[in-house]
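Each chain, written out:
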Amino acid sequence: MHLGLDTDELNSCVACGLCLPHCPTFVITGSDTESPRGRIALMRAVQDDDAPITDELVRSIETCVQCRGCETACPSAVPFGRLMEGTRAALADSGRITPRWQRWALSMLRRRRLVLAGSTLLALAIRLRLVPTRRLGLPARMPLRRPALRTSGSDVWLFTGCVMDAWQRDVHLAVQRVLEAAGVGVEPTGATAPCCGALHIHAGLEADTKDLARQVMAGLSSDDRPILVDAAGCGAMLKDYGHLLDSDEARAFSARVFDVHEWLAGHLDDLQARQEVVPLPLTVAVQDPCHLRHVQRAHQAVTEVLRPFVAEVVNLDDDGLCCGAGGAYSMMEPKLARAIRERKTASVARSGASVVASANPGCSLHLAAVGLDVLHPLELVDQALSSVGTQANPNTVGVSAGGLGAAEAGT
Amino acid sequence: MVSVLTATRRVFNPLRRNHNEASASASNAVADTADSDDTALVADLIDALGADRVRADSAARYLASHDASIYREGNAGPICFPESTEHVVACVEAAVRHGRAISPRGAGTGLAGGAAPLGRPVVVSTTRMNKLLSVDVENGIAWVQPGIVNLDLSRALAPHGVHFAPDPSSQSVCTIGGNVANNSGGPHCLAYGVTSAHVLAIEAVLSDASVVTLGDLTAEPAGYDLRGAFVGSEGMCGVATAVAVRLTPNPPAVRTMMLAFQDVSHAASTVSAIIAAGIVPAAIEMMDQRCVAAVEDFAQAGYPKDAAAVLLVEVDGPAGGVAIAGEKIAEIAEANQAATVRTAADEDERARLWKGRKSAFGAVANVMPDYYLHDTVVPRTKLVEVLERIYEIVDRHDLIVLNVFHAGDGNLHPLLAYDSRVPGVRERVHAAGREIIELSLDMGGALTGEHGIGVEKRDYMNRMFSAVDLQQQGLLRSSFDPYCRMNPGKVLPSSHSCSDISALRASDAAGVWG
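As they're listed, the protein sequences go chains A and B.
Residue numbers for the first sequence follow my numbering, beginning at 42 and rising by one.
Residue numbers for the second sequence follow my numbering, beginning at 9 and rising by one.
Among the clues, some could well be false.
Said to hold, decoys possible - What follows is a list of derived Cβ distance ranges for each label pair:
1) B:Asp305 <-> A:Val355: 22 to 32 Å
2) A:Ala293 <-> B:Asp45: 57 to 67 Å
3) A:Asp311 <-> B:Ala205: 50 to 60 Å
4) A:Gly226 <-> B:Gly325: 53 to 63 Å
Calculated directly from the structure, the hints in this document are not laboratory data.
Each residue gets a CB set at the ideal place from its N, CA and C atoms; glycine is no exception.
Chain B on its own, in the form it takes in the complex (with noise of 0.2 Å):
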């Protein structure tokens, strides 16, 4: 098995996106010779789930190579559209028949490459699981196949007056699987919590291809919480086929509100005021002028593009309740130099609002063509200083950022856009990135709020975890997965993990930036 995967080579894909590497006859050639080591394990799966749940040509391969993110060294084997759990279960075992690492995907909506294949393992995409498998409102609890996407399920579960909290900016495409994979968070989650709140049990398939249930459905079950390890586990420690998620009831009431600053540093002290003032807002959002002007074309949400900062905060519960803290946040909006501060008067005025705010990520286009994105976490009280240097950082590199949070919880999500195409330009990226999370560590952050570490974010594990740390995530990583057969090279850096995946890492070329 180790051998194998230490023998696979990375292949140039025919298609594969690529700037400054082998000329397209070569990377044809060798291509070619791979294709043809898939022919068995390609006919071994059409065997197992029949031909149209089976992809390999290279069209199909190179664009399940990528996700979300800039990181363009994925390299997928065959991709399957397993409808059950006994055609996972298939998948896994032709894999481990060939000798193959087996790499699940959602949507491919991730931002840190956690989705993208390394060394051609067979892709088990979720897409075609993706039903409602059972709803039990009295008990809040509901039974989910992985690739349900996240808004469908709040919307088929909206009869019921119940939804699924965690609201990823990708909701409306990220599927449930993908929430589990990454502990996925959103907006409302400072007052909800984030995915691993919201699971109670995961019906997986490991990398021996053999189905458990992690986790129950009572309140305290026995033993040690492996749903709990699973869930945030990106993929490592096997594929889950379904998922028990909490059902949370609908707020009474909610009410929406967009407030506009002058200053940025204005817009953080209200957030911390407001925190202060013992308000548990459902969201805090804060968006910088840069990523308002960018958004507001498309949402029409009708944000001040001349503000500095704009802050969108929600409430909900009783209406009695939100009517008091809705006129609290204005007071303390007002107190600290707010400019506007508007209240949605309807749904749909709400609806725009955070439409606004979630399309943040695509409508970069508007800026640049490429953007890389972080997710640190920094102490709410370090807000200002923070975003301080993180402008000061990005003007030193003659760079352009794009600021849009969860300044709730001090989630940072600075979004350096950039255009691939400027020589040099993908250095001082990468470099800006660098101090922005060393920057975000020495302030007491930490790596990733909720887009999870994947490839892009792995080489920076070192710089937050000690060895020993590391050491023992490896040693539960083997526990589930002793053969390193699950989504291999990801989260762990290599002298942390199994031996093939170090084989994996050392065929790759010089990391992200390759």
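Just chain A, with the same shape it has in the complex (with noise of 0.2 Å):
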């Protein structure tokens, strides 16, 4: 069968295994058809040699987390993400993998009414005990209200997106607060552009993913303004509109977008000149989300945005491997998203911080859901500012002797 892969791209890779280390699927297991060399050699296989699509491989396929580890670990540069994401086309147009019921899940995600009032449902289903949240993976508190979004300006677009706006508002009106105490005027995006589809080509669903892109980019193309986003996997599905459209446009819309992180790296000095800054009295190990550290290869200025701001930064010793929450991933196959959950919580407890700093929401939903205090970097950020400012500011978490209450930051 053939994948649509491109063959020199399939045939950019050598087999040396440097990849090995660096994929958190083949750590747990140790075979090679977790792997992505082996993965890479089982596509080959099927395209080239027309292999039969067995029930193995496509267990292959499907384990992979999509973290793109491999690919910064790779001296030869080959784009493994694209060609996952073209095999799991394939298989999802041959309707090997994402059966109808997942298509239906991810296909409401673009219904942004629909999305918060069954996320409010679910909240409350969770506050009444009635949802298994533990085998699930979902958080064990979700907001049953959230504060309304509003707009302090025209510098900058907020990319607030599906499900992280249901779940974790509080986490872009804390982004807006700091930008806004860097002098920067901020809109939401809100329904402007509802989802930019990172779920949807993770499971194979490429077109459904192009109509989003299209729709994202019909509500953001009226000026050129930054479009500024606070979570990892969103900002590199945005910044990939370029590739996943072939266009000029959806090139040049890409280029407008920026990690939060990464844009605010650039404006530290209006941040530290308009206030001053008391550090939070606190130890932060920050937990670099996959599509921030091996995607856009940004997550460096989570360290340095959040340094002025908190006691103590530490880098995890794990060389960035991923936590296993990989979007729905940790849903879809949660015997593995938990053991490799086991080697992040266990890296972060030889760090010996209290709070761990996370840019991507569902990063943080994962870690937190072993009792770890996860905390949106710029929630810590915006602490720190509040400490200062005049009044405390009633959306942010207090801070106790024992770190953050994370299961509270949501209320």
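Fit chain to chain and form the complex, with the hints in mind.
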């Protein structure tokens, strides 16, 4: 079966194996079937030699978290993410992956009101203990009410997305306050750009992703303001529209997209000049979301932005190995996702930090589910700024001796 | 036992990558029959190990059939993922019951087909035997499981101020078991010695499923050095299940220097002059221009892309001596017309300099999608002449070569880069490879420095050793494994090893290039 993969890209792997220790599934199973070079070899066998698509081969493709840690480890710059997305698209087209219920669920994400209302219902069900949150990898507590998004100016867009806006709007609000503290007027995208399509492309739904990309671009192309993103997965997706749609318009759009830390790192002086800063008395471990570190390659900005605002920033010792969240992966492959997460939590424990800063909502939910105190990096910056302000912001979280209560962060 | 192995046909896996052989439908039919042959064996293995430690599907077997070499004729049976010595014993017992051979596999980063299983054996993957069992810092010894990754071991030892000295380029991936099997080297083996100098004892499962310990932890073990025979035996003596490694203290000071030259011969004469001056650097590595160009974009090491050759020289030891040696090396380099002499200012710069060197093989795809790598050793004094003749050979065959090698001990890694989709290119690569080997041997060199013989270099053994030599090597192997069950078909050419291996080989196509 031809997978529609670019022959040269497919042949750019020499199977040296340097990717193996950077693959979260290989380090768990130790099997080449769950490794980047193994997956590429299988893609080749299918596309070049017409090997049959067995159930085990499909499993090999499905178990990939799509963290793309293998890409930064690859001396030959094999575009693994593209190969994996292409393979999944071909398998989804032929009905081998992403069953109908998943497609239906993903198609709902663009319907913003439904996502918000559904999330409120879910939050209620969780409070009433009707949902086995632990088993499903859901947060132990979700917000019942959300403060409204508001526009404070027109310097930048703040991309709010789908699930994150419903589940973690507090993060958006904290990010907005930080940007405003730097003198930047912010317009949240809200209904203008409902969903980036990252979960869709991961599931192999390429046509749906392209539809969503066009919708987002249509909503945000009336001007050329920077588009700031506080979710690493969404940021990576928006930056990939140029490649996805292969048009000058899309490339121009992607060039306007910045991870919010990446952008703030260039405006740190503004932030520090306007306000006296007393660092929070915390040791914070920075967890690099894969789509920030391996895809956008902008993870160092998080440390840079965070450093002036907390007592100590520590980096984890696991070479940026994935935490196992992977968008919907933690729900689709719970067993592997948990095994992968154990390595991350062990690394956090070794770091001695009391709080984890994560710039991606999926990672923070996945890590918070095992009791870690996880906050968005800019939530910490926001707290440091508001702690010296004239009055405490009611939406921020109090700092306690033992760190911050992540479970309470959403209420 | 022998008859069953003899009867084992080389089966076409439905997923087997093959450019010029049977149609997919025909290969499926063969594979289906073979799968049913495995049923009882697989059931036995699952009984002994549990279902999540055994894979027998075509995708898993296809991937376990290859290592990082270009050898494509491997043919794996079921793959086991043992976690203990007892598990390995169970794997061997099951294989024996069903008349199958056993092939051990670490990370599968070998470059000579040593881990490519022949004759559909039970593959024993050690990737889950990756524990650091015990550390005795005082006596400088650690016991490890064979699947522990080389770099993970050194990182785990870092708090004790010690490390495992052999550092192959693949050290972030390769396992200690694989290092033992290949007697692996690495840049720093110039000063510290190769794996055999760093392994004190080995617990291994032999082909009759017995567990033995070879060597011991004392300074002068009594009797023959069976540990020494096992190191470098490429999985043909047994499966190592625990290894006692020697711990090397981290040097108090390290200086890493990058020297760039406009002429390869100036780089080579610098190497000789450094050694002649009585300096023993921890490492001296050379890369030629094409290699530098391939790795620089990835590693951002700051290698000058226009230099004909780049040398990485590292000295370590007490700070005073390191400083003096560093200055002396800079003087020698300048006297030999070095265009650049740079000393890494900090650990970060040092790491980047090494990252470039250590990703060289993997970076080849920036030039061409396939490569054929040799590993010959030549006397250091002949480096310039050998390099010039390698360039001449490669030009004559209209190929591309990247040279990256351990200059300090004359261990060459000429890497022939090619695109296997181009008709006729394999024959040219094969011919050029043979000429390079002949050249190295004619210069008084050796077939392999550290990558092993595996299957790729097996048929060159006759060129290096006499019939008597090979026969004695076969006898040594037989004393460990009289049944030839362990990784059969490797290292020794057929006429000098067990009869079943000759049968195995007879069922193979025309060697490496099929």
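**OP:** Compare the structure with the hints numbered earlier in the document and write down the numbers of the violated ones, lowest to highest.
**Re:** none
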